[in-house]
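Chains as they are written, first to last, in numbering that gives the first Met the number 0: chain R, 0 to 142; chain V, 0 to 77.
No lab work stands behind these hints, which were simulated from the structure alone. The beta carbon of each residue, even a glycine, is placed where N, CA and C say it ideally should be. Keep in mind that the hints are not guaranteed to be accurate.
Stated by the list, open to error - Simulated DEER-style distance windows between Cβ atoms:
#, chain 1, residue 1, chain 2, residue 2, range
1, R, 137, V, 8, 37 to 43 Å
2, R, 127, V, 45, 32 to 38 Å
3, V, 16, R, 79, 38 to 44 Å
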Amino acid sequence: MEGDPGEGIYRVMIEDRDGMPRLGLTALKLGVRTGVDIVPDQKGMVYRPAFRPDEPNGLSCSPTIQDLPAFALPVEWGGSNPKTVVWRIEVSDLGAELAAQEDTPPQRKGRHISVGPSGPMLFDDYLRAVQATRSRWKKVTRS
Amino acid sequence: MTFKNDFLTALRAGKGYHALMELVRHHRVQGLSVDAAYQALHEIWLEHGFDNEVAEEGTLQDTLEAVMEKVWYGQPVL
Numbered sequence: 000m001e002g003d004p005g006e007g008i009y010r011v012m013i014e015d016r017d018g019m020p021r022l023g024l025t026a027l028k029l030g031v032r033t034g035v036d037i038v039p040d041q042k043g044m045v046y047r048p049a050f051r052p053d054e055p056n057g058l059s060c061s062p063t064i065q066d067l068p069a070f071a072l073p074v075e076w077g078g079s080n081p082k083t084v085v086w087r088i089e090v091s092d093l094g095a096e097l098a099a100q101e102d103t104p105p106q107r108k109g110r111h112i113s114v115g116p117s118g119p120m121l122f123d124d125y126l127r128a129v130q131a132t133r134s135r136w137k138k139v140t141r142s
Numbered sequence: 000m001t002f003k004n005d006f007l008t009a010l011r012a013g014k015g016y017h018a019l020m021e022l023v024r025h026h027r028v029q030g031l032s033v034d035a036a037y038q039a040l041h042e043i044w045l046e047h048g049f050d051n052e053v054a055e056e057g058t059l060q061d062t063l064e065a066v067m068e069k070v071w072y073g074q075p076v077l
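The task is simple: from the sequences and hints, build the whole structure.
The following block contains the structure:
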């Protein structure tokens with residue numbers, strides 16, 4: 000597709016007024032939800048995931064734009080959402096506290112990459128590390 | 000009941016993410032494909048006009064979109 004930069008780490012999110020992804024704990028904002036995206040232990044700790052396809056390993060992303068969920072994908076990229084933007088981040092911009100790996104299940108509509116913690120840390124620190132990447136996500140537009 | 004009706008009833012009853020994912024798993028075990036499951040959820044999403052709304056945390060839209068995201072990516076794994 001025209002303007003498609005190829006494989007990388009992509010996520011669809013709402014753009015905030017300052018031109019960066021909006022922070023929050025929903026599917027279309029920058030954040031991770033306990034019990035949905037990752038499961039802390041009783042002490043509130045999270046750990047580097049094994050990236051098994053059947054486990055919540057962290058922030059959901061895709062390796063290509065075409066793999067992003069249809070409900071989230073902007074209209075300009077062939078999806079059905081008029082409010083969202085496709086964002087891309089480089090692995091080198093994730094920072095030392097985060098690790099990314101593909102963990103696509105065998106039956107799925109889109110390939111999946113999780114951005115999880117790179118080692119043991121409090122969930123709050125993991126969330127902070129994810130949201131600290133906010134300025135490093137670059138908008139991907141077709142024009 | 001069809002998956003779509005079943006899911007809609009549960010969603011409107013205020014069921015949370017885990018209960019709804021369990022409902023998806025139940026229908027998937029009965030033979031529902033990932034494509035059919037996602038399509039039904041997408042229809043519900045459009046019928047509620049959520050393509051013109053930004054979900055706030057804890058709302059019905061937020062819960063639905065959390066399930067849609069995971070189903071798109073192949074969850075729950077059978």
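task: List in ascending order the numbers of the hints, as given earlier, that are violated by the structure.
output: Violated hint: only 3; rest satisfied.
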